Every structure is written in structure tokens, then in C-alpha cells.
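On the provided structure of chain W, position chain R as indicated by the hints.
Chain order of the listed sequences is W and R.
Residues 0 to 315 (numbering that gives the first Met the number 0) make up the first sequence, in order.
Residues 0 to 315 (numbering that gives the first Met the number 0) make up the second sequence, in order.
Hints are not guaranteed to be accurate.
Which copy is meant is left open, so a pair is good if it fits within one copy or across any two.
Restricting the straight-line Cα-Cα distance to at most 25 Å, the calculated cross-link-like pairs of lysine to any residue (SDA-like) are [unchecked claim]:
(1) Lys271 x Met44
(2) Lys227 x Pro39
(3) Lys227 x Ala97
(4) Lys227 x Pro38
(5) Lys271 x Asn180
(6) Lys227 x Asn175
(7) Lys271 x Asp75
(8) Lys227 x Thr94
(9) Lys227 x Thr95
(10) Lys227 x Gly278
(11) Lys227 x His156
(12) Lys271 x Ala97
(13) Lys227 x Asp307
(14) Lys271 x Leu99
(15) Lys227 x Asp267
(16) Lys271 x His149
(17) Lys227 x Ala210
Just so you know, the hints here were simulated from the structure itself, not pulled from any lab data.
Bear in mind that the values here come from a model prediction, so they are computed numbers and not experimental data.
Number of protein chains: 2
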Amino acid sequence: MNLAMVGLDEIRTAATRPLVFTAVQEALIAHAEGRTLAPPPVHLMFPDANGDCHVKAGHVIGARHFTVKVATSFYDNPQAGLSSNNGAVLVMSATTGAPLALLADDGWLTAWRTAAAGALITHALTPADVRDVAILGTGVQARLQIEWLHALRPLDHVKVWGRRAEGAERLSNDLNAVGINADVTSLADAASTACVITATAAATPLAPAEAFADARHITAIGADMPGKNELPPSLFSAASTIATDDHTQCLDHGDFGSAVRAGHVRPDCDTKVGTILRGPYSRPPGSSIADLTGIGVADASVASAVLDSLAGIAIR
Amino acid sequence: MNLAMVGLDEIRTAATRPLVFTAVQEALIAHAEGRTLAPPPVHLMFPDANGDCHVKAGHVIGARHFTVKVATSFYDNPQAGLSSNNGAVLVMSATTGAPLALLADDGWLTAWRTAAAGALITHALTPADVRDVAILGTGVQARLQIEWLHALRPLDHVKVWGRRAEGAERLSNDLNAVGINADVTSLADAASTACVITATAAATPLAPAEAFADARHITAIGADMPGKNELPPSLFSAASTIATDDHTQCLDHGDFGSAVRAGHVRPDCDTKVGTILRGPYSRPPGSSIADLTGIGVADASVASAVLDSLAGIAIR
Numbered sequence: 000m001n002l003a004m005v006g007l008d009e010i011r012t013a014a015t016r017p018l019v020f021t022a023v024q025e026a027l028i029a030h031a032e033g034r035t036l037a038p039p040p041v042h043l044m045f046p047d048a049n050g051d052c053h054v055k056a057g058h059v060i061g062a063r064h065f066t067v068k069v070a071t072s073f074y075d076n077p078q079a080g081l082s083s084n085n086g087a088v089l090v091m092s093a094t095t096g097a098p099l100a101l102l103a104d105d106g107w108l109t110a111w112r113t114a115a116a117g118a119l120i121t122h123a124l125t126p127a128d129v130r131d132v133a134i135l136g137t138g139v140q141a142r143l144q145i146e147w148l149h150a151l152r153p154l155d156h157v158k159v160w161g162r163r164a165e166g167a168e169r170l171s172n173d174l175n176a177v178g179i180n181a182d183v184t185s186l187a188d189a190a191s192t193a194c195v196i197t198a199t200a201a202a203t204p205l206a207p208a209e210a211f212a213d214a215r216h217i218t219a220i221g222a223d224m225p226g227k228n229e230l231p232p233s234l235f236s237a238a239s240t241i242a243t244d245d246h247t248q249c250l251d252h253g254d255f256g257s258a259v260r261a262g263h264v265r266p267d268c269d270t271k272v273g274t275i276l277r278g279p280y281s282r283p284p285g286s287s288i289a290d291l292t293g294i295g296v297a298d299a300s301v302a303s304a305v306l307d308s309l310a311g312i313a314i315r
Numbered sequence: 000m001n002l003a004m005v006g007l008d009e010i011r012t013a014a015t016r017p018l019v020f021t022a023v024q025e026a027l028i029a030h031a032e033g034r035t036l037a038p039p040p041v042h043l044m045f046p047d048a049n050g051d052c053h054v055k056a057g058h059v060i061g062a063r064h065f066t067v068k069v070a071t072s073f074y075d076n077p078q079a080g081l082s083s084n085n086g087a088v089l090v091m092s093a094t095t096g097a098p099l100a101l102l103a104d105d106g107w108l109t110a111w112r113t114a115a116a117g118a119l120i121t122h123a124l125t126p127a128d129v130r131d132v133a134i135l136g137t138g139v140q141a142r143l144q145i146e147w148l149h150a151l152r153p154l155d156h157v158k159v160w161g162r163r164a165e166g167a168e169r170l171s172n173d174l175n176a177v178g179i180n181a182d183v184t185s186l187a188d189a190a191s192t193a194c195v196i197t198a199t200a201a202a203t204p205l206a207p208a209e210a211f212a213d214a215r216h217i218t219a220i221g222a223d224m225p226g227k228n229e230l231p232p233s234l235f236s237a238a239s240t241i242a243t244d245d246h247t248q249c250l251d252h253g254d255f256g257s258a259v260r261a262g263h264v265r266p267d268c269d270t271k272v273g274t275i276l277r278g279p280y281s282r283p284p285g286s287s288i289a290d291l292t293g294i295g296v297a298d299a300s301v302a303s304a305v306l307d308s309l310a311g312i313a314i315r
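If we strip away everything but chain W, and leave its shape as in the complex, we get (with noise of 0.2 Å):
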């Protein structure tokens, strides 16, 4: 059996910002090119143990790997000292199909993939001038929205909100921790804000569109599921820019869906993300929109590098 068991202390070795950045970038790109393999998402519901499962499998043509990734959340957990969220990823040989590494990265690829991602539109859309941000929710996928935008780009000010205000607190806490100037603030004061980055599990909008006429760009992460929205649908439509991770994830399930089937805007009007990380890109005047459901092909992107900086680890 030549197949690795990598745990998380060491995936983290390997897994460094500047990597996953990269990764998730081609990955992007690669997408908005046609040179991904990229079948929809399984997903599987546990309702008596208020739990989902996401199989999501992912393979950039050429390269050396694909991958298969598994992740749950399960919203009891924390009663029992566990985190909701939990998964694997396991590696194959693109060449051989033999499985080559199982990634047993707590899901924590999955969030650093995410957030990534989240950084490179966030600020690929966002005016250059622009060094305020507010963020909409204080889970994990929150902060790492921030931290991981404040290393493209400085932020002056982070305003945070979130519907439990303790979390909130946490949250702004742990960002002036990291050297990030930030506060709590209220829902109105952050929606308004020039750049807003949503990232809540909401399954109805936050706030009325008007909440958001002042924001240049708004990012939304949370909706990677049937039955999440967090951007009220009708804001589509004010704006010059619609860009999307996967069209058809997002319109299946990201807030972009949302709004098409409200008729507020077409289907065929959005822009892929990674079209826009490609460049050469100019910013049409007005506002902008990213949603992000999450793309198999930068878990493999990912792990297929995290991989290879292991395997060159290993060597040195």
C-alpha cells in the first residue's frame, strides 16, 4: 500500500498562504478556461443528526492528480466539544488512477481554498482605493475572509457584524490580535460599507438592497448549498458586474440563483472569476457582485501542491 496518511500538522508545513493563493488562482483561471474536469457536487442530507455532506470532485487537464474531497458539517457537534465541520481529501494519480494521499485536513483546506479564492475577487473588484471593509458573519470563514484580504491588500478598517453579538466581538477581538483595526458595528453601518463580504450560513437575504446602495463591491461566500441566500436578489440588478466561481453551481445554488429565478437578472450575464483573475480586466464603472460556491478544481489545485511541497519537504 503506497498510499500516505497526512495529517493536519503537517499539511499545515506545506499548505502556506503564498501556495494555496497560487493554487487557487490557476485553479480559477483554468476553470474560466474550459481545462477543468469539474462534475457536479454530491451532496448528501443527515437530517436526524442535523448534518450535510458535500462530495466534490476536481481534476485541472494535465495535471498530475485529481481529487476526490468529502465535507461535512454537522451542527450539533459543538455540544459535544467537536467542530461542526470535518472532512478529507483524498489525492489519485491522474495518470494511473491509483490513490495516491488521503488529506486529512479537519476541512481545513476547504476553508483556506475558500477564503483564498474569496481574497483574490474581493480584491481583483474592488477599487483600488478602497481599504475599508466590512464583514457580515463571525465564523471561522470570516475572519479568514479578512486575514486573507489583508494580506493582497492593507485594510484601514474592518467593520464587523454579526446576528450574535458575542460573536461579533470575538471576532473583532481576534482580528486587532492579527494587527487588524477593527470594531463591531451594526447591520445598516456594515452593509453600507465600500467593500461588504458576506460569509453566514443565512438561508434569507440580510438586508434589504437599499442597506447596500453605498458598496462598491460585495463579496458572498456562504451560499454553497440549496437553501442559503444572503444577498437580497433584486441587488443584482444594480449592478455592472456578476462574477462567479462555477455559472452553473451559482445558479443552481449561489445567491446568483437566487436572483435569476426572481428575474432580476439573466442567466447568461455573469463573468467568471477566474476570467477576471486572468486579466488583462478594467472595473466597468458602478458596483460589483462575487459569488463564490466553492469549486472542486482548487481542492485539487490545492492538495495536488500541497502534495508536491511535501514530496519536495521529504527530499531536501
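Same frame as chain W, but now just chain R:
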């Protein structure tokens, strides 16, 4: 990291034939009764490497585990001294979403659960007095179909036909070596046997419908993805019983689907394999066909039983 890596040697000690038969029978019955999660399988194609990959997730509702199985077939592997088939089964907790074990089975659990499902339905639908069987195909699965059926119903004589004479000769020898009386024969002779099992990778029917006129039961194993077809579509219109392991999959890419699309039978004329296995079931007069495409729920049930068995072994 509490994730166990279980290799093939360990899996072999646990995955006894009775354990696999029991687990697969339970899975097929649960699936027929709607007590399963069985999302559509994901297929990835790697044309440059002459390979493909199937990902199947499955869960018997109420069971402690669910599984995500990755199975690959890379057809040029033998030229490099590697097996064409490979894969692994990730076993997850259905109560916390935690990955529990990776069964690095080199594809054997899939082979065994396919053998079990085939043998169970062949035994259930073939008249009790029939002791002569023909096998079309000479690969690993062809051999397993005969060996596992022999375990349920001792066979007097097995006729072996294969596209390549040397393959048929080898399978015949292998069967005789384990005490099963077998001979190589012609396609016409094999197809006219009372019980016929097909386990080939055929993309077009193996023989015209008339060739199967004397077959009282046929089990078709080979068509596991779009583009494959073993049995002539018109054969289905003559059958009094058509059994499918998964209605949707068989309609999509089984021989049953080919018959439906050719207009020979209605899409709702099939009976669930699990309904027949659960019984009571009285076989109507006439001939029967079982079309198996392989269900992820069987993978889940077998993998779960293997893990439980290994835990029991460890405790003793």
C-alpha cells in the same frame, strides 16, 4: 487524527464471503424500501490516460456509517505492470461527519460486492433445478460471479465464452482448479444455456436476441457506465421479469435503459432487485433478466460491516 488506514490484507481477513453476502443483501433490500441515501454517481473521464473514475456515495438510513467510494479503471496500466482497477473507500461517521477509516482495497470491495449482488439475484431468479450456467466474459468479475454463485448453489457445469480464446481457457482452468467443472465453448452454445451471466466491457450487444432464446435467466453485470451494452435491447421485450438494482442508474446507463430507449419495454416495467431478495417472491413463468449497475449503498454496507468486524477482531 483518529483516521485509520486499512490495507487489503486486513480487509481480506474481515470481508468474508458470508459477511459480504449479508451486507449486500441488506443494502439491496434497504434500497428497494427507500431507506437509503444514494445520490447519482459522479464520472470523470481521462481520455489522455485511457482511464475513468466513478465516485459513489451511499448510506443506509439509520446506519452508523456512510461511505464515499472512488473506483478507477485505467486501461493502459497492465502495460506498466499495474492493475487496471484501483480505488479506495472512505468511511465516515453518519453521526458526526468525521472520517473514520480509509479502506485501501485496490478495488476489491467493489469486485466482491458486485459478485455478491450478481450471485444473489442470479440465484433468486434462476429456477431451482438449473445447475448449468454460462459465463460471457473472462475477467476477474466473470470468475467471481461463478465462484460466488457456486457458493449459493453448487453448479454442475459452467460454460465459458470470451472474446479472446486464451482468456476463456484461463478462466476455465481457474474454475476447475477450485473444483468447479468448467469448459470453454462457443458464443452460440454459451448464450443458449439455461442461466447466462454476462460480465464484459461490451459497447454493443454480445449476440442477437435469438441466441438467448433458451436462457431462462440472464444476469448482466457489465454495463456500469454510459456507452456500455451487453444484451440486445429486443431481448427485454421477451422477459417476464426485469430486475434492476437501481431504477434510475439502470435507466441511465444499464442494458435496461438501452432497451427502453429502443422502445422495447416501458421505463416502469422493472422490479427492484431488493424486492425480489426480500421476498416473498414467486417467479412468474417465462424468462427473467437482472440488470446490475452497482449501487453505492452496497459499498457503504460492506465497508461498514468490514470496519465493525475489524473493530471486533481488535477487541478480541
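Tell me, please, which holds for Lys271 and Leu99 at an alpha-carbon limit of 25 Å: within, between, both or neither?
Answer is neither; intra-copy 31 Å and inter-copy 37 Å both fail.
With 25 Å as the alpha-carbon cut-off, assign the pair Lys271 and His149 to within, between, both or neither.
within (23 Å within a copy, 56 Å between copies)
How would you label the pair Lys271, Ala97 (within, between, both, or neither) given a Cα cut-off of 25 Å?
neither (32 Å within a copy, 33 Å between copies)
Is it within, between, both or neither when you check Lys227 against Thr95 at 25 Å Cα-Cα?
Between. Shortest inter-copy distance 22 Å satisfies the 25 Å Cα cut-off; intra-copy 38 Å does not.
Indicate which option fits the pair Lys227, Gly278 if close means a Cα-Cα distance not exceeding 25 Å: within, between, both or neither.
neither (31 Å within a copy, 43 Å between copies)
Up to 25 Å CA-CA - Ala210 versus Lys227, copy category
So Lys227 and Ala210 pass the 25 Å test inside one copy only (19 Å; across, 55 Å).
Treating 25 Å as the Cα threshold, decide for Lys271 and Asn180: within, between, both or neither.
neither (32 Å within a copy, 62 Å between copies)
Is it within, between, both, or neither for Lys227 and Ala97, if the alpha carbons may be no more than 25 Å apart?
between (36 Å within a copy, 23 Å between copies)
Check Lys227 against Asn175 for me: Cα-Cα at most 25 Å, and say if that holds within a copy, between copies, both or neither.
Neither: 30 Å inside a chain and 60 Å across chains, both beyond 25 Å.
Can you give me the call for Lys227 and Asp307, within, between, both or neither, at a CA distance of at most 25 Å?
The answer is neither: 35 Å in one copy and 36 Å across copies each exceed 25 Å.
Checking an output row: Lys227 and Pro39, CA cutoff 25 Å. Within, between, both or neither?
The answer is both: 17 Å in one copy and 22 Å across copies each meet 25 Å.
Identical-chain pair category, Lys227 with Thr94, by Cα at 25 Å
Intra 38 Å, inter 23 Å, cutoff 25 Å: inter-copy only.
Hints 5, 6, 7, 10, 11, 12, 13 and 14 from the earlier list are contradicted by this structure; the remaining hints agree with it.
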